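If you want the building blocks of each chain, they are given just below.
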Amino acid sequence: MKARFTLAGTAAAIAFFAVVPHPSSFAESAGQGGTAARDRWSAEELGVLASMQLGRLPAPPADPSNAVENRPQAVALGKRLFNDAGFSGNNAVSCATCHAPDRQFQDGLAVGRGVGTGSRRTMPIVAADHGPWKFWDGRKDSLWSQALGPLEDAVEHGGNRTRYAHRLRAGYRAEYEALFGPMPDLAGLPQDAGPGGNAAERAAWDAMTPAARSAVSRVFANMGKAIAAYEKTLAYGESRFDQYVRAVLNKDAKAAQILNDREVAGLRVFIGNGQCSTCHNGPLMTDQHFHNTGVPPRNPAQTDQGRAAAIAKVQRDEFNCLGPFSDAKPEQCSELRFMASDDPSMKGAFKTPSLRNVALRAPYMHAGQFASLDEVVAHYVRSPAAATGHSELATDRHQHAERKPIRMSDREAQDLAAFLGSLSGAVVERGKP
Amino acid sequence: MHKKLALTAGLLALTTLAACSTPANLDLSLSHPSAQGRYVVALQPPATAPAINQMHAWQVRLTSPAGTPVNGARFAVDGGMPQHLHGLPTKPQVTRELSDGTYLLEGMKFSMTGWWEIKLAIQAPLGEDSVTFNTVVAEPPAQAKIASSAP
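Top to bottom, those sequences are chains D and G. With the numbering used here, letter number 27 in the first sequence gets 127, and the count goes up by one each step, no holes. With the numbering used here, letter number 51 in the second sequence gets 162, and the count goes up by one each step, no holes.
Do not take every clue at face value.
[What the hints assert, rightly or not] Which stretches of chain G does chain D cover? Using the computed rule of at least three CB atoms under 8 Å from a CB of chain D, they are:
| hint | region |
| --- | --- |
| 1 | 177–185 |
| 2 | 193–201 |
[To be verified] Derived CB-CB ranges, DEER-like:
| hint | chain 1 | residue 1 | chain 2 | residue 2 | range |
| --- | --- | --- | --- | --- | --- |
| 3 | D | Arg138 | G | Gly238 | 51 to 61 Å |
| 4 | D | Ala200 | G | Gln170 | 40 to 50 Å |
| 5 | G | Pro161 | D | Gly288 | 49 to 59 Å |
| 6 | D | Ala485 | G | Thr243 | 47 to 57 Å |
If you're looking for bench data, these hints aren't it; they were derived computationally from the structure. Note that the structure is a prediction, hence the values are computed from the model and not measured. Even for Gly, the Cβ is constructed at its ideal location relative to N, Cα and C.
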């Protein structure tokens, strides 16, 4: 833990010197005693700012469906599996191919590219353990179950369950058995078989006995649990924004040196007329929920139903919290048991992403529709109608009873984008020596 | 009338802060007669306020207007944030009757601070009725000294 804090502090300090764009803009507020006028906030605003500090982030919730998530051996195994391109159809794609550790665990591409090209943007996996639903549409309910999805996806890893089980047994048997007990005998099982593969792989899977299918699926699930244990160590470090809020709350004149005038102005827009903090709330700047904000589909001919289409998928997923490979008792699966399943506003809705490190994570939206934060802000100011479902954003044409259209000047839009650049910090691996 | 005042207050609040101010005249009492007066419904929140996005349970106490506990009731739960035009992030359910006229409401979660409505549709021997409660979810007050690092 201690190492992590040091890392975070160092990176934040580096970011401060590297990122601040206009040192001259400090001049007007520097040198004053107490807090400068631009750094004075109302009590209500201070409450909002305080609630967004990284220091307010609770410990990640425990996942009762993954019994090994806190085991150091699981973290170590998961990290190796995460980086092993042997777990793919072409021996060239690992989790780290799209979730590149040196690229914020993303790939900088509009849509993911594994053995083929996907239809959505690669998600950041840092701090993903804080929300109950994984992927842009929330079709998975745990980190381990999420990790299994791309492994079997034809355009991501493009592999299959027996292939992965054979590889685990050949390369990781001791590490696996130390965590999960004896590995099943895979002799005689096909090299390539799985319920989600091509026709030949599916036929080979169907020809296996139910006991063999279950044993292989359990190995596959355990592989996901190890990967999840590793992913759970990934967290965001402090940003200049966090340092600024701390200085403001302490009435420390140093606040004037942490964010420049444009960033402070952008923060006022963020929690004020920009209405960003309506959904981007809390220390991770996400409500962990799904919203339709009229983001245009990447391919106009192919609309994406988002969350609405994911409800049934997670309910029937054999790897969900209530399924046979979960370590949880049914009463511990409250997210799944009490999942909102019939909310019409979920049509075309996608998850609110965290805004931590957002300036380092272009392009934006669920299919990389926007190349820059300026384009993202321009989208919200424009508030177009949704291609599918209904946008929650109010417009002059479509007034909502109690939500006002997002209005800001060009200058405010630029300030807002500048502010988003102050949310960058380190990515840290908890417990790493 | 109260509703209209509340709406106006909400609009005014939106002009200043995206995290809406709670309307001034909101009835925050957690014990009400139902809409048609068939029942008195009391909600009991958890003893310790849950964190944002933390799943938790409430209790519902259902009595006749004279105070007699009502057994065997069924409830449909709805709600949301009127100022943000969205529903509850979960689908809470009354899962069982804990004791005479007291029921367990599971699956409650609030995804942000502010004004939330909790609506119960009641089916019980004295007839169908409904009730709406208001609750305001707050952050702990801003503190001057905050630990400098994330957990």
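Within the region 193–201 of chain G, is the number of residues with a Cβ closer than 8 Å to a Cβ of chain D three or more?
holds (count 9)
Does the hinted range 47 to 57 Å hold for D/Ala485 and G/Thr243 at CB?
violated, 31 Å
Per the hint of 40 to 50 Å, is the separation of the Cβ atoms of D/Ala200 and G/Gln170 within bounds?
At roughly 49 Å between Cβ atoms, G/Gln170 and D/Ala200 fall inside 40 to 50 Å, so the hint holds.
That 49 to 59 Å hint for G/Pro161 and D/Gly288 (C-beta), does it hold up?
This hint holds: roughly 52 Å between Cβ atoms.
Three residues minimum, CB to CB under 8 Å: does the region 177–185 of chain G make the cut for coverage by chain D? Let me know.
violated (count 0)
Between D/Arg138 and G/Gly238, does the beta-carbon spacing fit 51 to 61 Å?
holds, 60 Å
When the structure is compared with the earlier hints, violations turn up for hints 1, 6 and for no others.
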